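Number of protein chains: 2
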Amino acid sequence: MSLLIVGTVAFDELETPFGKSGKIIGGSGTYAALSASNFVDDIRLTSIIGEDFPQEKIELFHEKGIHTTGIDRIAGGKTFFWKGRYHNDMNTRDTLDTQLNVLEHFDPKVPEAYRDAAFLLLGNLTPAVQLSVLNQMNQRPKLVVLDTMNFWMEVALDGLKEVLKQVDVLTINDEEARQLSEEYSLVKAAKKILDMGPRVLIIKKGEHGALLFNREEVFFAPALPLEEVFDPTGAGDTFAGGFIGYLARTQNISFNNMKRAIIFGSALASFCVEKFGTQRIEHLSSKEIEQRVQAFIELSQVEMELA
Amino acid sequence: MSLLIVGTVAFDELETPFGKSGKIIGGSGTYAALSASNFVDDIRLTSIIGEDFPQEKIELFHEKGIHTTGIDRIAGGKTFFWKGRYHNDMNTRDTLDTQLNVLEHFDPKVPEAYRDAAFLLLGNLTPAVQLSVLNQMNQRPKLVVLDTMNFWMEVALDGLKEVLKQVDVLTINDEEARQLSEEYSLVKAAKKILDMGPRVLIIKKGEHGALLFNREEVFFAPALPLEEVFDPTGAGDTFAGGFIGYLARTQNISFNNMKRAIIFGSALASFCVEKFGTQRIEHLSSKEIEQRVQAFIELSQVEMELA
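First to last, the sequence lines map onto chains A and B. Its first residue numbered 770, the first sequence is counted upward by one per residue in my numbering. Its first residue numbered 770, the second sequence is counted upward by one per residue in my numbering.
Each statement offered as a hint is correct.
Below, a list of computed lysine-lysine pairs in the DSS-like style, where the Cα atoms sit at most 25 Å apart:
1) B:Lys1028 x A:Lys1028
2) B:Lys1044 x A:Lys957
3) A:Lys1028 x B:Lys974
4) A:Lys789 x B:Lys957
5) B:Lys852 x B:Lys826
6) B:Lys974 x A:Lys974
7) B:Lys974 x A:Lys957
8) A:Lys833 x A:Lys1056
Stretch-level coverage of chain B by chain A, calculated; a stretch enters the list once three of its residues show a Cβ under 8 Å from a Cβ in chain A:
9) 950-956
10) 985-994
11) 1021-1029
12) 1058-1065
The hints are simulated quantities; they were obtained by calculation from the structure and are not laboratory data. Because the structure is a prediction, the values reported are computed rather than measured. All residues carry an ideal CB built from backbone N, CA and C; glycine is no exception.
Same shape as in the complex, but just chain A (with noise of 0.2 Å):
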């Protein structure tokens, strides 16, 4: 199954208590594609790059299945870079350096063969150009993913909202539910999210797993506790990609196909924060996979007979 996504294709540096990665790519297109790209491999990326992107790395997109043809070269321009440090926790962090280059003025044109896509992940970028995208589509596919931040609750919620009204399925993290549903109890978030347009919530907790509401029922998949997180960069658009990957491979947008999309999800963001940027999701095996999507399976499963 077709499956377009939009978002930043970047570089990244990152310092944390392990190291420094020095320049690498990164960007939640660059995460969610490679992700993905487990499961499918017709993947349609778009977004925007300098002539300072290296050519080896469109390259690799194209081994994945990745098609590049949605992805803008500016001649002469810089591409998109954050620069940031981790706190020993591994939950915080502090930018020392963004630059948008080429990004400030990102206004896609989707190619005309893109636009049939069946799955459309609209990935962390301003509302208005995940608007955009979601307009230029041929007709209404059929499932449409959009994540996002408190950055853009907090600069532009008005078009949050309206992006918000033509989507499937929201992924956020747990505080930023609070601030865009203004409640503190997740169930009440959802509630009131769900009412905002989506018709399926994703709240990522980090390390404390996901939940996944419907206006009828809730699903709850945990984190694989892990030994060490080495670098947590990319682990939502990781889990992103996975999700809407699977769904696509399996064509089945059932809420209950969607309970196994987030522990395929899941899994994928477990690797991803084992090595510096895309190292590690950029050569998994199937193999690979189903093993660490046993082991979560296996840490809630218990045997139970009840009267």
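Guided by the hints, dock chain B onto chain A, whose structure is given.
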């Protein structure tokens, strides 16, 4: 199966965003014993109270199969009293008043008829008192569970380490696990803590569920997402009482049965927070408990066929 519980029997006065409780009964021993009474009926409670503790609450204990000959009533003494105010998030609280009263000189004499108990819960108390109770047993109980808190790690760490050497199961929260082990990763923390004595560690994560570790395995039990937490007081003690109560009823202390016991403990704790104090756990039917346990199981249930 006989279950000996040592813990405080006390007065609490609580203020939450939802209201004020007035002076009600509380204490780790009270919550744990009432919780466990949903599973077994030979519960032997050891504690200390003043002359002001209401006789009707002693009679409530008797109705629930909780023996009180080990509760020392001090003539002319006043019962331990704690007053606290919860913040809007219900996760943090301020202590407004603490009056140790008779608890200051608590040196429990375990009644002869209590000393052959098969199961022992050392509720949250000074480690010296926990050790004294353990040493008064006629023979080593089949299972010893210890609950403690950060306060004892700060003021009585040596005593805590001494008693830890002699228990089977330790229950603490995630921050306490980090404090005790000086490790941020809970997986690493668990390894260090298991080296201190207990063969099983339960890390309580409140709204994020609970982790069960032994040296080989890890199990994760989710928390039920709740619309409203009315009063979190006693949830940890209720969890511990439900956990050991279930093990005592089923007479099975295998790791697999502890998985089930954690779900029963979590279910009891989820009832506890629905009303002020012990109100909700005083009157539960086995039907209500089984339905709640079923909800916990369904929350994480997923059917998946892997290759």
